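Enquirer: Here is how the chains run, residue by residue.
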Amino acid sequence: MLTNKTEALALVLPAAVFAVAVFLIPVCILLSEAFRSDGSWSIAAYVEFFSKPLNQTVFFRTLKLGFLVTAVSAIVGYVAAFCIVGLDPTSRGRIFGLVVLPLMISPVARTYAWIVILGRTGIVNKALTGLGLTDAPVRILFTETAVFIGLLQLFMPLMIISLVSAMENLPRDAISAARVLGASWPQVFIRIILPLTREGLVIGGTLVFTGSLTAYITPAILGGAKVLMLETLLYQRVTVANDFLSASVIAMILIVMSFSTYMLLKRVAASKRGAQP
Amino acid sequence: MSDDYVVLERLKLAYGETVAVHDLDLAITRGELLALLGPSGCGKTTTMRAIAGLLAPAAGRIFIDGADVTYTPPSKRNVGLVFQSYALFPHLSVFENVAFGLRIKREPKPSIDARSRAALATVGLEGFARRNPAELSGGQQQRLALARSLVMEPKLLLLDEPLSNLDARLRLEMRTELQRLQLETGVTMVFVTHDQSEALALADRIVVMKDGIAVQTGTPEEIYNRPRDVFVADFVGFDNILYFRNGMLTSDFGSTDTGEELPGSDALAWRPAEVILGSGPMQGRVIGASFAGQYREYVLDTGLGKIKAQAPADAPPHTIGGLVAFELPLAKAHRLPGTGK
Amino acid sequence: MKRNLWVARIVIFLTLAFLIGPFLIIIAAALSAGSSLAFPPQGFSLRWVIAVFEVKSFRASFGLSMFLAVFGTVASLILGVPAAYAVTRYRIPFGEAVRMAVAAPIIVPGIIVGLALLRYLVIPVGMTVTLALFLAHTALVLPYSVRVVSASLENLRPDIEEAAVLLGCSRFGAFARAVLPNIRGGILAAFILGFVTSFNQVPVSLFLSGPGVRTLPIDMLAYIEMTYDPSVAALSALLAFLSIAIVFAAERFLGLSRYV
Ligand SMILES: Nc1ncnc2c1ncn2[C@@H]1O[C@H](COP(=O)(O)OP(=O)(O)OP(=O)(O)O)[C@@H](O)[C@H]1O
Ligand SMILES: [Mg+2]
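Residue numbers (this note's numbering), protein chains in the order written: chain B, 340 to 616; chain S, 455 to 795; chain C, 24 to 283.
These are calculated hints, taken from the structure and not from any lab test.
Computed from a predicted model, the values in this text were never measured in an experiment.
Where a beta carbon is used, it is the ideal one built from N, C-alpha and C, also for glycine.
Do not take every clue at face value.
Restraint ranges, calculated between C-beta atoms of paired labels, are given here [to be verified]: (1) C:Gly233 - B:Pro353: 50 to 60 Å; (2) C:Glu177 - S:Arg484: 23 to 33 Å; (3) S:Ala767 - B:Pro534: 50 to 60 Å; (4) B:Pro392 - S:Gly470: 53 to 63 Å; (5) C:Val188 - S:Asp688: 49 to 59 Å; (6) C:Gly86 - B:Asp427: 43 to 53 Å; (7) S:Ser591 - C:Leu47: 47 to 57 Å; (8) C:Arg32 - B:Thr484: 39 to 49 Å.
Rough simulated footprint, nothing fancy, chain S against chain B, three-plus residues with beta-carbon under 8 Å [what the hints assert, rightly or not]: (9) 398 to 408; (10) 495 to 501; (11) 506 to 513.
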């Protein structure tokens, strides 16, 4: 390690100054806006924001969808990751590539595909009416279900990737050892796989959870004005009503939520490292 | 037949397309200590995994105690397996590793406690109960793996190189411990090793494997004294193997006339101690010499290739580079039937 | 065992069908001859693929998005490579704070960055929207650049620079001759990752649009709200192929996955 401070500072300063000027300062001003009413500090804007039923609905819906998407992608993720890890190395690489692939594709394009599937004349409705299960097309688009499906598809790869790499690092034969000692598959999962992949689960969970909380594209395309989430609400408040106070409040909520999940992630990662010197 | 505790019937084991074990037939007697001996990659671990139920056979059947367990899951077989890689649970303490199986079986708490402590004491790890497995040395980890299986008191204990990482003294202690266990509890044990002296010392019977095939099965005496073929002979210390044909001793490197006549065209084998050094019809150049306590071992470069020989330590040493006369006494040669070239 | 293998295959197939299947449907819908979005497609034609190239606003916004992705990422690398070098090779005062400052754009939702820039730089100072977009995209990509380049610097033994200095190089010369050639792969990986991130970015650019100034994803969102024809499907398919081609080439020639 070099210790020449001037040199080091000269190297980091441009990036740090840029991040502070373009990013930190404007964002902080924006956040502070909700606390300033008529020159004095108060939390009146927050009280008012949460007193409106619509805002409450949107807030809780965002949390609910975040948890649901995280939980379902964890469950599916574990099953999928377990199957993927069991493959031979070549096909494992190929499947892994296919899981990663969607992440490189424009989320607008990825979400748009669901319109073709879930819309009034979409595949699902055609199948339902074709099978005689319903007479009139069912409304799926612009419901929470549609947003849920879209978010799940968007973020599940992140969970699978984290879980696959966690499972690849499971110590050799640990599962076999538990089996021989009499553990059934559910017991193997709870006592061996879960504790040993906890870090991967937390990383994947954080990515999926924060991703879902701060999603804009999916609720915008699949939820519309009917199923607002925090970011679409923010956009609407600003563009429709020029309501920067609400925007500032929502921004704060989003940052607090993502930041606390991020800190949780860091703590879990650190505790894991501390436990095994 | 009722004395056979484990029976493997035409067992074929494969990983995808790669066949690791071909048509293995084996009966393991109740209470016996059987050694699987063979070079790296010959399929020893694979066989053990199949007996434990971790690898479904591609063909054939497995019986334990008379019952067909070919399709029984490992958790229902009540078989102990000490893994070559130990497979300790890194998130559990030493004590919890040992207690794991008992907790799964929902034993009462006091019994779990007492039995786990006893098992740790058996392997000399009583002071380490609260540590992490990662904080143990290689040999301690191996003993922990042993304790974790022993505590379950299985009727069949499979040990995959359980002593490979221990020093000479601990190894002897553990050997004695395993033999005591076998005598006291009558447990049937199969253990894997590629150390022939360990197999000879410990086992009631030895199976020598090569490339997924059981080449020879027999008591230590049989394997040691009457190896069936060149491979087994080489494995149990016959370092000098030559072929006898038309009165000539031949190898890949050359041949020598012995002036004698033996029927057939078998391979002949000598241990280093059986080579007569210092006199005889043949000559070789000393290219290696090492002192081994009771004796000195020499490697000679001869017209028949390399020959290993021994001389008592108190005999005058031969110098490297010098020429030495030697003899391969036909009378002492071990014949390996049916394997001559 | 055989049965388990089949279960595994079915699970994997279903998962992939969920993740990628919609995509295949969009490609099929893009090749439809009909005039509204539908699956199964009504006939086969390239008419909507061709139509994409005729929409004027798409051409402009594609150009802007390309510009932002290329130059924003390059700018982030110009700032990020020295920072990454300092973070991995020096013991910096306030190291953790610096790291946090540089990583912050990952944690803070993009929509807030865009709004903040609009409100405090574009409106009061009169900064052009394009410049604000450029700054925002640079800030957005910066954490990725620092992280990926740091990772490849960490894999490089520090003593090769010392060797270069002992052989007569200046500090900068040692970096240019001994370090840079060895982290080329990492820098390229950072560039591709940054490019894809910036090009596909929506929330940051949401508020930063002016007359005739719109990034491509934003333009697509607006177009979706207006019409229901398959041209956006065709554009989506084209963009997907573009991303896949870039990533595939990068993986093929550089082993991108080693750095990410
Ligand atoms: N998971 C696996 N996938 C594919 N092939 C395998 C696998 N495990 C083992 N093999 C192959 O099967 C053969 C037998 O392996 P096995 O582990 O049984 O050898 P071993 O006799 O235990 O060797 P060692 O003494 O080195 O432990 C080897 O050729 C090995 O390469
Ligand atoms: Mg083995």
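Enquirer: Each hint needs a verdict: does it hold in this structure or not?
Expert: Hints, one by one, checked against the model:
no. : hint                            : verdict
1   : C:Gly233 - B:Pro353: 50 to 60 Å : violated, 28 Å
2   : C:Glu177 - S:Arg484: 23 to 33 Å : violated, 58 Å
3   : S:Ala767 - B:Pro534: 50 to 60 Å : holds, 57 Å
4   : B:Pro392 - S:Gly470: 53 to 63 Å : holds, 60 Å
5   : C:Val188 - S:Asp688: 49 to 59 Å : holds, 57 Å
6   : C:Gly86 - B:Asp427: 43 to 53 Å  : holds, 45 Å
7   : S:Ser591 - C:Leu47: 47 to 57 Å  : holds, 55 Å
8   : C:Arg32 - B:Thr484: 39 to 49 Å  : violated, 28 Å
9   : 398 to 408                      : violated (count 0)
10  : 495 to 501                      : violated (count 0)
11  : 506 to 513                      : holds (count 4)
In this structure, the earlier hints numbered 1, 2, 8, 9 and 10 are contradicted, and the remaining ones agree with it.
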